[in-house]
Every structure is written in structure tokens, then in C-alpha cells.
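> Spelled out from the first residue to the last, the chains are:
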Amino acid sequence: MSVFSLRSKILCIVMAFLSVIGMAFVLYSLYTTKNYKVLRLEGITKTIEFETEKVNKTIAEIERFSVVFAIGAHLCYEAKSKSLGEEIVLNFLESFPVPIGGGFWFTPYAYDKKTLREGFYALRDRETGGVKLDATFFIDEYDYHSQLWYTEIASKVKLSNEVAWTKPYKDDTGSFALMTTAGSGIFDEKGVLQAISTVDWGIDDVAKNLTSIKPTPCSFVLLCDPENDYIIANTRAISDVGKSVSGLTFNPTDSSIELDDVTYIAFTRQLDNGWLLSVYLPDTEIYCEIEDRNEVYTLLIAVVSLIMLFFAYLLISSFVNKPLKRLTEGVQKLGSGDLDVSIEVTSRDEMGLLAKTFNSMTIQLRESIESKARVVAEKERIEAELNVAQRIQASMLPCIFPPFPDRAEFDLYALMVPAREVGGDFYDFYLIDEDHLAVVIADVSGKGVPAALFMVITKTLLKNSVLSGKSAGEVFDIVNTLLCEHNDANMFVTAFMGIYEISSGNFTYVNAGHNPPLLRRSGGEYARLPMKPGFVLAGMAGMQYKQSDTTLHSGDVLYMYTDGVTEAMNSDRQLFGEARLVTACNKYKGNSVKDFISGIKSEVDAFAQGVDQADDITMLILKISGSTR
Amino acid sequence: MNIEKVTNADKTVFTLSGRLDTVSAPKLQEVLIPELSNVKVVELNFTDLAYVSSAGLRVLLMGVKTATAKGSQQIISGVSPDIMEIFEMTGFADILQITQ
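Protein chains in written order, with our numbering: chain A, 692 to 1320; chain Y, 928 to 1027.
No farther apart than 30 Å at their CA atoms in a straight line, the calculated lysine-lysine pairs in the DSBU-like style are these:
1) Lys992/Y with Lys1154/A
2) Lys1154/A with Lys1285/A
3) Lys1070/A with Lys954/Y
Hint data in this document are derived by calculation from the structure and do not stem from the laboratory.
Could you build all of it, start to finish, from the sequences and the hints given here?
This is the structure we're talking about:
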């Protein structure tokens, strides 16, 4: 239904807006993701830097410490005091907690010409953290000059004056901790190596810290010593620890490597002692956090959008559908004719306005219909009164036929069919005395109530004048003058009047602008009654009407009519006309007066073919029977 | 009915066509009566007029009376035989000024 489609339309619009907002957010998140990726890479690099800097600090300390020990060895040599040597190693080791041991070692016969090996070494106790001298390295059976760590450091410091680092190794004195040793050399004035210092550093903790860097679940860390070709740690393959760097299937300095079909991005940093720390991240994982978050956000937006749509649906239902439903019901009630319908107005929005408008419309409609009903009632009242007027008018015309049943000398019949409720035509006939019959036919210009009133006046004046015994011409003179007196509306009357003297058959008549009657002499045809023309009544004061006369014999018929007969119109706007009327009269000439009149009327009706009658149709027929008393 | 008006100095000519009946008579009355007060001569050309009813006659009668009162003239021209018969039958032929 249309109501549903309205809701759908609004929902579609809301959905479109939500989609646009969603798309904007996706574009924005794509842009920010790019930034996030840069930040992510920077973050990983920073973490690695931070961790390696911490180690670098320790390395620097240890290197410094090895130099200090070397200087200590020189002091000990100068002073030729063993107790000083012991004091130096103990005190320094105590003051710096990182190394697990440290000392200095003289080259063969360097301390003095008689002593092959001389050195001092202190050790930190793993349990107590206290330091103590370890003399086990200086027993005769242990030739430190031939030990690998000694030769390694000695050869390295001879090559360069920098601190030397040994290859990491497992402590074989009992802890099996992974260690490395830093050493410095001290030379005499001839440049001959006098002694080396060693600082032993347990690198398990350092390696543990560094390898705990894990930016993503599948990332791994490689810590190696490329210079000494030694893998310190590999969190991907622990078995690689202690093996040589060259044994790896990849180059630790490459920026990206491929392992088991996974591409890893490498973040590599070299430590100050030459070690290499590489953190490898699978490329699919670097941004997965961000991408996961994006997915979560997208899902969140979708869910929020759906919830908003649902609420929009509810809101539209309550703001649009319910008022619409009420309106529809109201309109249906109104349509079924209930004008007292009123819609409850609850909202102040357009729907409320519409409901208010509807309510005021029903009120106006009610008022309008009531006023229309009043007008119709008024019109009906007027029509009823006009009908009464028509009946009064009709009752004023003689309507009982034969009107004079005891008079055998003549026969009369008449018909008046008004075009509107009340007409302007009339006919009249009356016996002035026993020997004189007056016949009148007239037509007042115009129709309706004014014409009817004028007709009544004319008819009364005519009758009064005739009954006073005046001739036809005199009657018209008098009536014309009287009618002209108060005729502001310029109405006028065409009239024909004749006075028939029954005993002699003399017929005197006068015409005031009326259609000449048709006369049929006994045995003949209908033809115009010859007469002197006269002006209409009430048209102009002071007119003189000349009367004519003829003698009517037995069998003669006089047919009088108004222009409603000859001017009856058909659908082709043709008039019935006098010629057709004469033909029709001759057609019905053998009939009785009544049948003659109805015959003419039927001819007129047949001609008009149902076209509305424009003017009153009035006919009067006088037939002389001849049988005088 | 159509009414065409041509004014020429002291004379106005109304050319009528169609039927002068109950419906159209008020139209003629509306223009004819005031004009008879304005100009000396008003000519009504009936050449194209088919029919005059009693309502039309009434307006012509009003015209004659107004002309008499205002000292102007109402002339009717181009009267067809049919209309002339109406004028004669009603006696209007005697009071109207009719020219060829």
C-alpha cells in the first residue's frame, strides 16, 4: 500500500545517508591506516632501539671496566704488590655488579723475570652476590697462557688498541651460563704486551631481554655475533644457538627474508660490541592488528547503522504512520458522510498541521454543506411558492370545457402550456350578456413572475372594460392607457380580442400586435383573419386601436394562438412557422375542438423533437355551430 | 448573438447577427440604451439578424422611448422580410424608424 511505500522511501533515504557516512568513515580509516602503518613501523624500530641502547650501555660499562682492570694491572706491576692486585680486582668487581667475574693476567714473565704466570681474578658468588678471589686459575697445572680466551684477547688487543670481545661460550666452571669476555691490553714503553684484563659477562639475561621483543605472535628474534660467527639466540630455532652464522639459510643483514613460504620483514640493529640483533615479522602480521581493528570498527558501524535504522523505523512509524493512519481513517469516515469527524492532534509537526487542517476543513465543509442546505431549502421554498403561483394562474384561466354547456350556438376549447413555472400568456372568454361572447388571447413580453403579474393586471383590466359595454377598439384604447401609466419595466402585451354577437353572427375584433388568428370558413381551408394592424398594449400611451368586423356563419372556426406555437424550435434551430401551422390546422379540420387543439399540440411537439419549450404555448378555438335559439 | 459597434462622430452603428431573443436582448439593452444618450443617431443594422422575439421588441421599444426622451434617433436598417412581418404584425412598424 502507499503508506508502506512512504515508510520504505524514508527508510531508504535514511539508509542511503547511513551508507554515505559509513563510506566516508571507511575512506577516513583507510587514510588513517596508512598513518598507523608508518607509526607501527616506527614503533617497532623504537622498541628495538630502546632495548639495544640499554645493552649498549652495559657494553660500554664493561668495556670501560676492562680498561680499568688493565690500568690496575699496570699499577700492580709498578708497585710489585700482590695485595694491591687482589684489592683492585675485589674492589672493582664489588663496585660494578654486572660482570660475574674479572681480573688481569700478565704475559709470561712480565710480572717479574722469575714468574711465568701471575694474575688476579675475582668471582661473584651466584648465591650471595659477594665477591671473592679465585685462585684456581693460577695453580701450576692450569696454563692460562694457552687458554683459548687468553690467546684470543691477546691477539686481538695486539692488533688494535680497542677492547676485544671473545666469542660467546658456555661457562664450564659449573653454571653453564652463556658468557662472553671483554678484554683490554696494557703495553710497556716498547709496545710489548704486558698483561691483559678480562671482564666476564653473563649474557643469558641480556639475550633473554632482547629475544623477548615480540611485536607480533609469529615474529622471531635472531641475536648473533657475526664477527665471531656465533648465534647467541634464535627464537625461531633454539637448536641454532651456538652454531655458526654462516649455517643460517638466510643472511641476517637482509631487510626481508623468506622462510617456509612466509615473507618476513627484518628490523636489524648492530650493537656496539659488533653483535647483530634482527627482529623478523611476517609481513602478513605487521598490520594485522590495525586491520583487525578496522574490521571491528566496520562491523561496529554496520551494527550501529542497523540499530539506527531500526530506531528510524520505529520513529517513522510513530511520527508518520500512526498519524497517517488516523488521517486515513478520518478521511474514510468523512467520505462515508460523517461530517462530525475530528482527528486528535498530538504532534506539532507537519502531520499535526495536516490533522489540524483536516479538522478545520471538516468544520468548513460542515458549515458549507449546512449553508448549501439552507440555500437549497430556500430555493425549494421559492419553487413551491412558484408552483402555487402557477396553480393560481392556471385557476384564473377558464378551464372547464365545454364552458357553456347550455349554449349550443358555439363551441370553445383552449390550452395553455407555460414554458416556465408561471407564464406570460393567457386566454379568456366570457359572455358579456346573453347575446355577446368575448374571446381574448394575449402574450406578455417576458416570462416568469413579472410577466404573470402583468398578465393578471391586463386580464382584469380587459375583462372590466369589456363588461362595461365598450366596443373592442375602445377597450384596447382604455387598457393601453391604463397599462402605460405605471410601466417602468417597459413590459408590453400583444393581444387579440373579438366580440361575437350570437344573434347576428357579427364579429368585431381588434389586434394589438398579436399573431393574426386563422379563420376557416365552413367547407374551406384555414387562412389569416384579415385585420388592421395595431401596436402592442402598454407600449406607447395614447395609441388608437382600430377594430375590424366580419360575419361568422355556422361551421366557421376561428383559431387563435400565441407565438409560442409558431416559434417552437427544433434542434436545427428551425421555427415551426405559420405555414406548418396552417397545414396542421387543415389536417385536423374535421376533428372536434378538443381533438383539434391536442392534434396541433402533438404536431408542434413532434416538430420540436424534445427541444425544451422556449415560450408559453397558448391556443384558443371558437367554432360556430349555427343552431341558434 | 453578436454585436459589432462602429462609432462615427455623432452616429453609432450596431451590426447585429444571429437571434435577438430572451437570452441576447439584455446584451443589446446594455449597449443600446446608454449609447442613445451619448450620440445623436444610433443605427441598428439588422442585415444579418435572423429573428426577433418579443424580448427583442421590448428592447427596441425601450430604445424608441429613450431616444424620444434624450432627443436622439434610433434607426433600424437592413430589415429582412421575416422580421418586417413581425414588425408589421405587432404594430412596431408604425413606431420604429426603419430605413432600407
